Structure formats: structure tokens, C-alpha cells
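With the hints as extra help, turn the sequences into a complete structure.
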Amino acid sequence: MSQFRGLLMKDWTIIKGYVLLALLLDVIIPLGLAMLFPFESSLGLLVYCATVMIMHILVPIVLLSILFTKEMDHPDIFFHSSASIHKINASKFGIVLFATALSLIWVSALTFVFMLFAPDLIEMSNFLPFVAAFAAGILFFSVLVAIIYYFYLTLFYTMKPKIGGFAYIVTFGLFIFGMEMWDRVMATQLYTAVTDFWVMRLDQTEFLTNIAHGLMISFENRATLQVGQLLVTALLLVFLYLLSAYWFEKKVRA
Numbered sequence: 132m133s134q135f136r137g138l139l140m141k142d143w144t145i146i147k148g149y150v151l152l153a154l155l156l157d158v159i160i161p162l163g164l165a166m167l168f169p170f171e172s173s174l175g176l177l178v179y180c181a182t183v184m185i186m187h188i189l190v191p192i193v194l195l196s197i198l199f200t201k202e203m204d205h206p207d208i209f210f211h212s213s214a215s216i217h218k219i220n221a222s223k224f225g226i227v228l229f230a231t232a233l234s235l236i237w238v239s240a241l242t243f244v245f246m247l248f249a250p251d252l253i254e255m256s257n258f259l260p261f262v263a264a265f266a267a268g269i270l271f272f273s274v275l276v277a278i279i280y281y282f283y284l285t286l287f288y289t290m291k292p293k294i295g296g297f298a299y300i301v302t303f304g305l306f307i308f309g310m311e312m313w314d315r316v317m318a319t320q321l322y323t324a325v326t327d328f329w330v331m332r333l334d335q336t337e338f339l340t341n342i343a344h345g346l347m348i349s350f351e352n353r354a355t356l357q358v359g360q361l362l363v364t365a366l367l368l369v370f371l372y373l374l375s376a377y378w379f380e381k382k383v384r385a
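The sequence shown begins at 132 in this note's numbering and counts up by one.
There is no bait here: all hints are sound.
List time: in silico DSBU-like cross-link candidates among lysine-lysine, alpha-carbon distance up to 35 Å:
no.	residue 1	residue 2
1	291	147
2	218	293
3	381	141
4	381	293
5	201	382
6	293	147
7	218	382
8	201	293
9	201	381
10	218	141
11	201	218
12	201	141
13	201	147
14	382	147
15	147	381
16	291	381
17	291	141
18	382	293
19	218	147
20	141	293
21	381	218
22	141	382
23	291	218
24	201	291
25	291	382
Between beta-carbon pairs, the in silico distance windows are:
no.	residue 1	residue 2	range
26	319	243	35 to 45 Å
27	283	363	12 to 22 Å
28	382	162	38 to 48 Å
29	178	325	29 to 39 Å
30	178	299	30 to 40 Å
31	139	166	34 to 44 Å
32	289	155	30 to 40 Å
33	204	136	14 to 24 Å
34	201	368	20 to 30 Å
35	327	272	15 to 25 Å
36	134	196	22 to 32 Å
37	155	275	18 to 28 Å
38	148	362	36 to 46 Å
Hints were generated in silico from the structure; no laboratory data involved.
On a predicted model such as this, the values are computed, not experimentally measured, just so you know.
All C-beta atoms, glycine included, are put in the ideal place defined by N, C-alpha and C.
Here is the structure:
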């Protein structure tokens, strides 16, 4: 436990300055955009805040890049650490997701404060759970993006000693190829059958109606929750992580 705590402190020391910068940008970006592109109503500021929240999907990529770059700059320490690759990854992913969640909570709180000055836009009783659900969705996609990025990061560090700078091009090409193959898999009947085996239909409640009216969103069809697709996604992420961790341990840290 003490070793893991030490890894957490080390990783936090590396990225804490970047986290503080992100918290500052959470304030500057929406207010700066509101000053440059003023809207007649406060809806514009809400859109800017929502945009900043969506941008948090990319935060794990940035922070993981910083952490692994710092580690690879000191391979004499990183490669000969007694900590397992899973413990190292747990520290990095844990710190990155904590920082992402911290920034999301901060910008959500700022959005709530902004909306206090526009009570006519959305009732506060309905606005809070909507922001919480929206932030939770962003955090979920952040985890998904972080694991996929770790997979390609492993490929990059595996190829870099052999082909040098061309590893950037090859990794990007493999990413495009992987996206194309995944699109083809999603178009198959097998994927549809697997992901549609448990579909939950969500009733359009008064809460959703009020949110839709306030944000000018139209619910033409009933919302659904595809549990099968969530399970398939979770299994795929677990497989990608285990494969990446094994590959990183055998090919990069070897």
C-alpha cells in the first residue's frame, strides 16, 4: 500500500500544475467566449459551459501523455521499478480520472452559479440532476477514451525504438484502421443481435420535458438504454487494457 501511495504522490506531483491550469481554463473559456460572442440570453453561456464539459473527454489523453512522457524520460527508474504494470497503471489512471472528475465538478459548479443569474432559463430543481447526469456521461466516455488511448500508446512505444519518428504516422494509421474495422463490426447482424438483447425504454418524464424545453432539444423518439451494448463495451475495454498492459510489460519495459 505504501508503494502505491508513493506512486500516487509522484504522479500527482507531475500533473498538479496542469490540473490547476485546467481549473483556470474552466473559468476563462466560457466567460471569454461569452465576451467575444455575446448572446441575447444566458443560453449562450450555458452552451459554452457544456462545450467545456465535453472537452473533458480529451483531458485523460493529455494527462496520460504527460505522465508517460515523464516516465519514458527516466527509463532507468521506470523500467526497473519493482511495482507491477497494473499498479503503475492504477496510479496513473486513478490520478488522471480524479483530475478529470475534479475539473468536471468545478465547471459544473460554475455552470450552476452562472445559471443562478438566469432563473428564467431552467428551474434549478431540474437543472442540478441534469448537470450531474451530463457530467457522469462525460466521465464515462473519459474512461473509454483513456483505455483506448493507452492501447495505441503501447503500440507507439513498442514501435518507436525500431522505426523512430515514423511511429507517430504508423500509430495514427493503425488508429484510423481500427476505427474503420470497428465501424464494420458495428454494421454486422451479429453485433446488432448481441447489443440489442436487453434494451430498456425510458419514459419521457416531466423532468426530461422541462430540460428539453429549456435547452431547445426535441425528443421525437422514446429514449432507450442498451444494456447489451454497455456490457459489450465494458468487456472490450477490459480486453484492451489487459492486452495493452501485458504488451507494455513484455515489449516496452522488458
